[in-house]
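A.B. asks: Each chain, written out:
Protein chains: 6
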Amino acid sequence: MANHYKFECLNVSVSPEGVAHVEISRPQALNAFNTKTWTEIGQCFTQFKTDGDVRSVVLSAAGRMFTAGLDLKEAMTGALGKPHDADADVARKGYYHRLFILDFQSAISAVESCDKPVVAVVQGGCLGIGIDLISACDVRIATEDAYFMVKEVDIGMAADVGTLQRLPKIVGNDSWVREVCYTARKIQPQEAHSVGLVSSVYATTADAMRAAFDMARTIAAKSPVAVVSTKHLLNYSRDHSVREGLEYTAIWNSLAHNSHDMAAAIMASLKKQPAQFPKL
Amino acid sequence: MANHYKFECLNVSVSPEGVAHVEISRPQALNAFNTKTWTEIGQCFTQFKTDGDVRSVVLSAAGRMFTAGLDLKEAMTGALGKPHDADADVARKGYYHRLFILDFQSAISAVESCDKPVVAVVQGGCLGIGIDLISACDVRIATEDAYFMVKEVDIGMAADVGTLQRLPKIVGNDSWVREVCYTARKIQPQEAHSVGLVSSVYATTADAMRAAFDMARTIAAKSPVAVVSTKHLLNYSRDHSVREGLEYTAIWNSLAHNSHDMAAAIMASLKKQPAQFPKL
Amino acid sequence: MANHYKFECLNVSVSPEGVAHVEISRPQALNAFNTKTWTEIGQCFTQFKTDGDVRSVVLSAAGRMFTAGLDLKEAMTGALGKPHDADADVARKGYYHRLFILDFQSAISAVESCDKPVVAVVQGGCLGIGIDLISACDVRIATEDAYFMVKEVDIGMAADVGTLQRLPKIVGNDSWVREVCYTARKIQPQEAHSVGLVSSVYATTADAMRAAFDMARTIAAKSPVAVVSTKHLLNYSRDHSVREGLEYTAIWNSLAHNSHDMAAAIMASLKKQPAQFPKL
Amino acid sequence: MANHYKFECLNVSVSPEGVAHVEISRPQALNAFNTKTWTEIGQCFTQFKTDGDVRSVVLSAAGRMFTAGLDLKEAMTGALGKPHDADADVARKGYYHRLFILDFQSAISAVESCDKPVVAVVQGGCLGIGIDLISACDVRIATEDAYFMVKEVDIGMAADVGTLQRLPKIVGNDSWVREVCYTARKIQPQEAHSVGLVSSVYATTADAMRAAFDMARTIAAKSPVAVVSTKHLLNYSRDHSVREGLEYTAIWNSLAHNSHDMAAAIMASLKKQPAQFPKL
Amino acid sequence: MANHYKFECLNVSVSPEGVAHVEISRPQALNAFNTKTWTEIGQCFTQFKTDGDVRSVVLSAAGRMFTAGLDLKEAMTGALGKPHDADADVARKGYYHRLFILDFQSAISAVESCDKPVVAVVQGGCLGIGIDLISACDVRIATEDAYFMVKEVDIGMAADVGTLQRLPKIVGNDSWVREVCYTARKIQPQEAHSVGLVSSVYATTADAMRAAFDMARTIAAKSPVAVVSTKHLLNYSRDHSVREGLEYTAIWNSLAHNSHDMAAAIMASLKKQPAQFPKL
Amino acid sequence: MANHYKFECLNVSVSPEGVAHVEISRPQALNAFNTKTWTEIGQCFTQFKTDGDVRSVVLSAAGRMFTAGLDLKEAMTGALGKPHDADADVARKGYYHRLFILDFQSAISAVESCDKPVVAVVQGGCLGIGIDLISACDVRIATEDAYFMVKEVDIGMAADVGTLQRLPKIVGNDSWVREVCYTARKIQPQEAHSVGLVSSVYATTADAMRAAFDMARTIAAKSPVAVVSTKHLLNYSRDHSVREGLEYTAIWNSLAHNSHDMAAAIMASLKKQPAQFPKL
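Chains as they are written, first to last, in UniProt numbering: chain A, 1 to 280; chain B, 1 to 280; chain C, 1 to 280; chain D, 1 to 280; chain E, 1 to 280; chain F, 1 to 280.
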């Protein structure tokens, strides 16, 4: 299988079982997010959406920490949005800056909208934009040396690429969410585990990676119609009333239930044998 | 009190205090859900809505497991929706199949929309549609031999009668929710307890049933206006913004506060005596 | 700094660092909420919104309990809404009573809409309206003698000033939320902690107050633009889809990113020095 | 074709082309709506939804006027909702009365949710509930002796089975809508035509009926998949943002485009020949 | 009846029948809107909401034009929001300016939220904020010398106190709405009539006033419960789906139907006699 | 000014005043929409969004008709979405087909989301996708030989790229909208004018083009901040409640009001002189 995923800041590979591995790889810069990095994340996960060979994804980062957050040196050059002139009319600057933020958000949201489940593995620090990113993943696991900081408030801004939208909806403890968003304090992995930010904590990165790939392979072996539908419907339902979620599900499944997978899976289930499912 | 609740797959009784007991009873089929079963659940809880004699409900299942999930044998006969012809135009099949799913959803949602609090007791396995059903209940308790599986992905489909809508809103750990929905893995009762899927775990079914009835009787002794209003408003507010929830509550209570119950309850509270409340 | 905050039922002070302290002070009545009390809470937090000297808030209560709940004696005089005549047309009574509830709700919601983070400290009992109030705060901490009761059902009504809207969204355990709302049972501080109703439990009120002020001072030292934006966007995002939350954030930050605070904070961060931020 | 539509207050027939005719028939009572009438309307249109033999509908009324509105004599007996006791607790009465209104609304909304286009023909007076009913239809035509009154305000109530929801969305003149809702004044057919309440005005009932059946037959000859989808999507889109409407349409058509009808219709269109479409 | 409505920029009187007349009265400044003017409009209509003596309202303006729009001289002094310093941090200025806009919007929206129908009479020019204001009224009538301009784009801004929200929802011609909003061109009264911006056009101001008061008196003679409910529900329904509008209406009317007005009105209707309704 | 707009199916030019002209140019195929055509429309209008040189747009089509609709020959080759295999699993085909429709919709919606006002000129026939396209424009004008057909139902499908979402919101006559969507009948230009589908009808194409460019030039001479804000806010407000529209407008204008344009425009207005506004 040729690798159609060539990036500068990401290492991407896809296993024969359909598990893609995305490794953020700017370890020399502590995986700080420059524009290149998030642009490539957007491109990579958008490509996953229509790549039937990809059935589930493991997202990790190279080096001693997951990410130091936004690349502050690039941010200071102000290459954000269009009018580079510091004296430019603020409404004009703001208009283009808004479009810039929307692009940034869209890249991170591609992780969510790719419809393939994504398991994130966090080792070392995961700061600022790192929280925005893992909040857009499906499952999060960490190593014992991991720590987390909703760092944006410390650079004078409100997080704007997903943390404030998604973190409160993935962790059922609003008192905790607000405290860590207002104070930017360090969160230890056990604390992250106890509030549900991560599903499990492993002693070493190797252990965590092994667990992540095990889970991803398990998912990749299921019917891709069932898996993709489940992720899509979970995301839709999070953002709608139960009633609207049910109605959207009904129309979605009136199509999906015509898949051969369902009969194959039921038959396999009745015979207590494994089933094979063609790619999406 | 005559029993107006005669069903094939359910045993239903109502106590003088106003506690209804609904027991799913197809133990020989491990309480697998055929069309009859969920149709009767819909009918039963719809009837509860206008039955003033019912103030709270305990829902349990007979035999060694809560439910094995969807009745796969019936499902394989394809009696889902209208055109029975396998060669039928897919748009026509889909149109009727969507109506079928909406009916199924509506039956399960009757548990939620009946406005009387429902306490579910889970013993043994609770698979697939079982999760959809208990997610529509108010309080869930389990026995030590209980286990849970969001099984749908293993029959090649996305859960479509409530799990994907309600489970993430009753459990504040999205990483966990997604993992169990994508992998269909077995969930032990203590794990279910720790994420909040169940409120408590009891050694035996007898203990769990006793606890459920205690809670249901406590609720049944309160003002039914207050209890029914509380359930109704919790459900409305889950699906709306805080502001819309408050405004709906204001108009609801501008009526409900005219009830005699409120004065009676305040008086009893000031006198530190129990109050009696007429049925709804 | 002159104190512009003179109230009958509240003691209010603002520290030089920008931490306001609001103390509910009707200890002789166990801080029961009469109309005066909630009216003043509304006025006080509304004033905070446009007071640049206030950057964060600690909310506590004087005496041996946080609050006994609604002032039942006042409630029994029926001074709720306009037509005092018991025989008045129920639609007319209801119209004005609805406006009364909306006013009450609005006062409590001022805690949320003031845009400055609020840390609540609960000692002793916190009943009924007390739960509505602390649910509108950002962070909740308690002492070991604290206990909580969603008491409204025991006075024959559904909670109508915020508990049913906010509690399920701050605690990720719906089975627990519904149980305590239907039964009005006593909740111990450790239980409140384990479900996430409170972030931490301290041995004494003094310890809890110290922790609250530490947190509030930490927040007050951050950029007020960043902090206020974070609270505002968390509230907006709770009530909207992720997509709508992101879009609102983009337009909000296209303005906020023009603040001097961001450059100052980034520079300080790069130099590893503390930054000073002017008041809002 | 046997007639499965036997009602007391309605005459219903279905033509071989698939045009159903529903005639409200209580001329001796000026077609005043008693409970029987609207209950049957709900039943009839619900049945149409799953009856493939029905492709479009003409709705008219027998006698000299379309309807005099609500049957006031029945209304005065107060048979609305459950507790018949005038002294019943107002919250209890209100609870059941709300369910009664929801049932009434649901019956009228069945005209909208049946998914088959409905052409209403109005002759003589169309008062009160008559406006609610025709607002739930797709196309409205009138005779020159027709007149309309949003009469509810004159019986001391706000219209509650659809007029206030639908009328402002079918007529693009809010100043006019509000005037006629507040004053209950008589609307002449030409005025109804000029604001778009009706699409056309005919000299005689016979002319209007002929025009209605012509339109209904034209619709019945189209692909029922296309027609039903169009009505369903128009209704969904009215109640959602353009973006949500488009997304729902995409999932709907990803199923519907698999229909044989589309290829048949395109082929017929390219060959400039008529196509035949099997029933839904 | 004492006049509780004393304002600087408004003349307000209330007739014995319950018709309030609000006259904007800064004719020397062509009724240009300074802060005082819109603040008083907010106060006046907020007071109407709880004043049972007011059942309907006529809104007009003194002098030769309805309003020249925003008072540009005041606007140029920049007294908008808090930090008066031109060099103030733009995020801080923006924060307070947003609160200023919200206050302005809230004043204009009071016309809508007062629940009493408002008939606007426009003579001479109605520019900028004038359109925002009349769009918040229920019924609009004009004189032959009236003209309208959505003027904001000509002062370099998008209309922000209601025109862009309400105008497209009161006029069913989006092509026209957008043209006049982008070009700020003059709209003649007949054109305003033909698109439905105004309900009728009268030769003289006296004629228009007479028509407005006739309509207002007609409305004031109806059951105030029915009228207020109708306005409230029309506004709610405009902003919600048909389904949500119906459900809100059901709970609203489950209260309102307990009013004595309904029985009185039905009885009067059956006896063909006028009914008298006590004030709200 | 170099022309950055090179397309195969479109001729695009931008005047020095900032008026872009987009001409659909496949006259030999009656401007039937193949994939290339709509893809380029999406690209062109997306580019307009960030091109400050473009302030308003005129959209027209070359040859004797605006468009014959979808290119049926291309459609019959089935190049819609991914799996080209007719035997492919219907759920898999549907998944990719849905993404295909979303892409198509997104291209048409670019006309709306480009934030620059678009005036469409229709001559000759405007069928099917042509209606979807002009419904996404701001202002529509036609020639006397124009005619319109919502043609989709005649090719066996529901319109899915915007007509069913936007047409009912731009034309305030639902009875008419539904009739033309169900019957696909021919609409004459005067009829289109009377329902508000087009703003005006001109004798010749030359006249219509002249009127369109006059309007576009008028718009291009206004502050681009004001114009872009107005279009953006009209679109946002169409899809939200009045309250949400107002709140979004407040945050938007708290930025936009910092523009130099506002002061320049007010000054020019007070001096009664024209103002010049720099490009966005």
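One or more of the hints may lead you astray.
No copy labels: a pair is met if it fits in one copy or bridges any two.
Unchecked claim - List of simulated lysine-lysine pairs, BS3-like, C-alpha gap at most 25 Å:
(1) K6 <-> K186
(2) K271 <-> K73
(3) K186 <-> K36
(4) K271 <-> K6
(5) K271 <-> K186
(6) K49 <-> K272
(7) K36 <-> K279
(8) K73 <-> K272
(9) K73 <-> K49
(10) K272 <-> K6
(11) K6 <-> K36
(12) K6 <-> K49
These are calculated hints, taken from the structure and not from any lab test.
Model, not experiment: these values are computed from the prediction.
A.B. asks: All the hints need checking, so say for each whether the structure fits it.
C.D. replies: Now for the hints, and whether the structure bears them out:
1. K6 <-> K186: Neither way: K6 and K186 sit 34 Å apart in one copy and 38 Å across, limit 25 Å.
2. K271 <-> K73: between (60 Å within a copy, 12 Å between copies)
3. K186 <-> K36: Result: close neither inside a copy nor across copies, 27 Å intra and 41 Å inter.
4. K271 <-> K6: neither (43 Å within a copy, 36 Å between copies)
5. K271 <-> K186: Between. Shortest inter-copy distance 20 Å satisfies the 25 Å Cα cut-off; intra-copy 51 Å does not.
6. K49 <-> K272: neither (31 Å within a copy, 40 Å between copies)
7. K36 <-> K279: neither (31 Å within a copy, 29 Å between copies)
8. K73 <-> K272: between (57 Å within a copy, 14 Å between copies)
9. K73 <-> K49: neither (32 Å within a copy, 29 Å between copies)
10. K272 <-> K6: Close neither inside one copy (41 Å) nor across copies (36 Å); limit 25 Å.
11. K6 <-> K36: within (13 Å within a copy, 28 Å between copies)
12. K6 <-> K49: within (16 Å within a copy, 30 Å between copies)
Checked against the numbered hints given earlier, this structure breaks hints 1, 3, 4, 6, 7, 9, 10; the rest are met.
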